[in-house]
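Number of protein chains: 2
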Amino acid sequence: MAQNQVKIFDSTLRDGAQGQGISFSLEDKIKIVKALDDMQIDYIEAGNPGSNPKDMEFFKRLKDVELKTAKVVAFGSTRKPNINAEDDKNLKDLLSSGADTIVIFGKAWDFQVTDIIKTSLDENIEMIKDTIKYLCKKKKEVIFDAEHFYDGYKENKDYAIATLKAAEEAGAQVVVLCDTNGGTLPQEIYDITKVVKGQITIELGIHGHDDMGMAVANSIMAVEAGSRQVQGTFIGIGERCGNANLSAIIPILKLKLGYEILNNNELVNLTKSARYIAEICNITLTDQIPFVGSSSFAHKGGMHIDAVTKAPKSYEHIEPELVGNKRRFLVSEVSGKSTILQEIKKIFPNISKDDISVQKITDRLKELEYEGYQFEGAEGTVELVIRKIIGKYKPFFKLNHFKIIGEQPYGSEDFSSTAVINITVDGQNEMTAAEGEGPVNALDKAIRKALEVFYPELKQARLVDYKVRVLDSENATEAKVRVLIESTDGIENWSTVGVSRDVIQASWIALVDSIEYKLIKDIEKKVKAYF
Amino acid sequence: MAQNQVKIFDSTLRDGAQGQGISFSLEDKIKIVKALDDMQIDYIEAGNPGSNPKDMEFFKRLKDVELKTAKVVAFGSTRKPNINAEDDKNLKDLLSSGADTIVIFGKAWDFQVTDIIKTSLDENIEMIKDTIKYLCKKKKEVIFDAEHFYDGYKENKDYAIATLKAAEEAGAQVVVLCDTNGGTLPQEIYDITKVVKGQITIELGIHGHDDMGMAVANSIMAVEAGSRQVQGTFIGIGERCGNANLSAIIPILKLKLGYEILNNNELVNLTKSARYIAEICNITLTDQIPFVGSSSFAHKGGMHIDAVTKAPKSYEHIEPELVGNKRRFLVSEVSGKSTILQEIKKIFPNISKDDISVQKITDRLKELEYEGYQFEGAEGTVELVIRKIIGKYKPFFKLNHFKIIGEQPYGSEDFSSTAVINITVDGQNEMTAAEGEGPVNALDKAIRKALEVFYPELKQARLVDYKVRVLDSENATEAKVRVLIESTDGIENWSTVGVSRDVIQASWIALVDSIEYKLIKDIEKKVKAYF
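As they're listed, the protein sequences go chains E and S. Counting in the UniProt record's numbering, the first sequence runs from 1 upward without gaps. Counting in the UniProt record's numbering, the second sequence runs from 1 upward without gaps.
Just to be clear, a hint being listed does not mean it is correct.
Here are the simulated DSS-like cross-link-like pairs (lysine-lysine), alpha carbons at most 27 Å apart as the crow flies [as the list claims (entries may be wrong)]:
1. E:K366 - S:K459
2. E:K480 - S:K256
3. E:K154 - S:K194
4. E:K194 - S:K154
5. E:K346 - E:K403
6. E:K157 - S:K256
In short, the hints are calculated from the structure, not lab data. Here the structure is a predicted model, which means the values were calculated and not measured.
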């Protein structure tokens, strides 16, 4: 392999599945494999067929899935102590998985051999050798994961190295040094990897965990010391604090260190892929996640926004577009007219900065902020404020009245919430009611039910996130509340916000914005399709 | 300063406030300052008095807050180009903030001088010198934040160093090398810091950002190269991808590298403090966050659980108790009992650890946690759970029913909430109603009104804080909510918690606990006074 190439190895489906709350269906797994293959990930670890019948089923199913470049990998342990490799059930399962590449993990820390698997140090070496020899004879590419390598090296250097040499001799193509507990410091990773590099001739890899928040740095340090395979999970999921986050490691290796991985087209899909995989994992990526988060290139301070407008490199270490992300200016009290002008231009590109509406919109947003609104991540409401002032808005319905009833006890239930609503659209009246989990859920159901009579396209839209923030909470239940709603139609997401002394009214304001925003976007699409 | 001491500098209230969605009330800020002081954080950067009138107000308020050891710091920039330091409004504001320690940030990257603040390289050096000299003359301790230092060093080494020398000459006590854009690699941080260490005699600091997910590692590398101040935010909030996460840096410095920071007692409070600060910031700490997350020491794989049971160091790089966190097994719930025993002993000092109630209480609390309860900062509810199981509890009233009515429009008002309640105390029935700002406020008023007939001492009690947290917010308005209530009678404060799919019911649960807790405490006081 060329010196400037690094292979990327994803374990979302194996080590990632050990993360809290992660559970994949067979279809989820197929989707993730395809997404990783689209990203040109070199190795995809698909499961442990010997320990999990579902994984075995998945390997069978995978035989029918055509991949562009990725190699599917099966994971399993060295043979059991004191038996022949041929007789080990786990190894049989690895072979019948059909995977051409096998990861074998084995103990590299003497304490783990004697105290956990309770066998002799010599037998453990034999287990590594036998297992790998056997798989090589069966024409498999073998990667040896030296579990707890760094911890083992620190306690018994010679033994840890001996396990690697056993794997090398037996025919493994790569030995991967694992920081299984995530407790090794970056400098230690560098120094130890460097020593190993001098003693092992086959390729080295790194497998890091994030227990100290340093798995990305540790992976980079290992590469700088000579590792040429990086194992991790695409969005960092995994047991405890997770595995090394590949969506950070990939752009660092490529953009900062110039290694040959993927190609430019794939890097541009990084953000989209990370969000797609998060969706399948049913987890919310934190806004702050490096490179691919919604805040990764979001600027709030007025001075920063000003400087980034002059020269992006002022407060951006790379161009967001390189990883398919985008710059955002958070509309907040600290930011001024120039930020707001950028927002207006997204909707009305030809507006001049001296247009009287710009000042009016700025004043209105400030007034709302003073009342407790916060427009960061509430672009839907910002667009509606802009449209209302510029005059490119008309209401989609008129509320006549609504009523919420909460009762405890309620029949056999503890508690119940019901909403009754009465609206008018184009002179036509619609009255309906719905029960829900809480007053806001009931109101959400009722208004949708009423509006879908007139706007059936609303059926595609639903709420995905609902946040309540009590403002000045020292006033306790009399305090103002801010409600932030995120909605989706399956393609686009949008957020809206409402503030009131009453949580129901605040929710209502945000709900109405959410619905109107969706209806405006649908009209825009129709107009675009027509012209 | 001793060679093995590192000072911890927290910027939650300044740089942290630049994070998306972060907005602090004055009371929030006071709470955070106190929590940081309790943790023995050395420096607390409280705001930028020159750029924000709210920050100035906060500094005035801080004068009345007594701190144990922390120094409060005001942040501002070097004087404007071509004026005298005496005439600079920002410097005047810094002085009138009353803070004894001032952070001055200045440009260390030539490009930022010429292209962003648009002055000459020489004038920038003068700005640094004048500003620091002026503040030193006013007897302030000055820390110089060399903004973009690492980027600047890479493009113009001599100029970057010259800015540090200017600060040193002018009397600064510390120069902090900032990786403002978060784009510097760990090895670069180490090498550059090492060079600077050889040229500057005053103390060095590091200020990292997490744009590549390496701010923790970068901070550690800087310390290993000689930095003795680490700037960050306690839970890593901040602009874009956030600042260096102190809740990871602190235990690494202390437990892995043996630096003298905080003391053992404070480290034990790390998890509790991080969660408390997150609560005030109204953000949800990810389960995966190092050291202090709910999953940081959570094991899922059967093999791992087995090994950890044999020897925790098998899959834990430190003992979770060292940072006040705990081990969790995600499949079968175990442990926690000894912590709970401590809680029980607070109320019933003579209980034996083998008492059957201890197991029952442990089971009940775990069950509630599984439902979404969180007992950190909800001691009132914990006491009631304990009392109910031990049998030292009897209800103070019986709820017959309540009804909440919300109406929009309502007479001349936009919206109104009304609560009707019917209770029985000692066979005597009381029915009443109240209007409020929102359904929960109405319910709070109604239940108090009804109960005060029987328990006039409740008149002294009132709510001081009311927080709503949406759990599993992906289920939007159908999600579970957790309501945390803080109450006071003017002498003591207590907190209670309720969880339900319905915000009104969750609030009701927490309200009832709050009222019953108060009534129990009043009885206890009467008993004590009598005997």
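Quick rundown of the hints versus the structure:
no.: 1; hint: E:K366 - S:K459; verdict: violated, 39 Å
no.: 2; hint: E:K480 - S:K256; verdict: violated, 45 Å
no.: 3; hint: E:K154 - S:K194; verdict: holds, 26 Å
no.: 4; hint: E:K194 - S:K154; verdict: holds, 26 Å
no.: 5; hint: E:K346 - E:K403; verdict: violated, 38 Å
no.: 6; hint: E:K157 - S:K256; verdict: holds, 19 Å
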